[in-house]
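Participant: In the working numbering, the protein residues as written are 1 to 210.
Don't take each hint at face value.
[To be verified] What follows is a list of derived Cβ distance ranges for each label pair: (1) Thr120 - Glu27: 15 to 25 Å; (2) Asp119 - Asp168: 41 to 51 Å; (3) Pro170 - Glu23: 36 to 46 Å; (4) Asp168 - Thr104: 18 to 28 Å; (5) Lys167 - Asp119: 39 to 49 Å.
No lab work stands behind these hints, which were simulated from the structure alone.
In this text, a Cβ means the ideal position worked out from N, Cα and C, and glycines have one as well.
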Amino acid sequence: MELSDAYIQSFIQPRNELLLEMEAYAEENHVPIMQLAGIDALNQLLRIQNPSKILEIGTAIGYSAIRMAEALPNVQIVTIERDQERVTRAKAYIRRSTVSDRITVIEGDALEVNDEAIDTTFDAVFIDAAKGQYQRFFEKYAPLVNSGGVLYIDNMYMHGLSDLELKDVPRRKRTMIRNLKNFTDWIMQHPDYTSAFLPVGDGLLLCLKR
């Protein structure tokens, strides 16, 4: 089934001036943020789940953290980003938002952040960072997810690269795609999670913790 861009766009929710500014900045400066259809779908899933605490791996400029906090008026979000420039910009955008009191930004490599720096459990984890490291992120942070919680993982489709034979993937991206495919095989067979792929945005994986 192929859907036209116009039809998909008809379902996109309107955004405020700050979010539109962030979208323009991201496009102009090649900052990867979630596709509009993807973030709308994620937020609807989160509304259904209604988590009280979310951990985000990969803040970028704070776009998805703000979107999630706006969708869930009682949620607390902890988000981790290793790029100092993006952390600075994310904090500036978050300060200008109406949800700044519910978002905490931690600067550092998510694979190296000390567990004591977080010191809590979560109902949901959103992973949107280095695609080749998804399994390592999952293994590090899944123990912090409460039973019945969900891990949401973006960019599983990788703009179509995940659907190609490895030999057809550009050489500079092969290791990343190989790791992503290996992670997919691993998580789909994991006995502690029920996982499903949603073909929305750039591909969203949902992993429900038993």
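Participant: For every hint, state whether the structure bears it out.
Facilitator: Here is how each hint holds up against the structure:
{"no.": "1", "hint": "Thr120 - Glu27: 15 to 25 Å", "result": "violated, 34 Å"}
{"no.": "2", "hint": "Asp119 - Asp168: 41 to 51 Å", "result": "holds, 45 Å"}
{"no.": "3", "hint": "Pro170 - Glu23: 36 to 46 Å", "result": "violated, 27 Å"}
{"no.": "4", "hint": "Asp168 - Thr104: 18 to 28 Å", "result": "violated, 42 Å"}
{"no.": "5", "hint": "Lys167 - Asp119: 39 to 49 Å", "result": "holds, 45 Å"}
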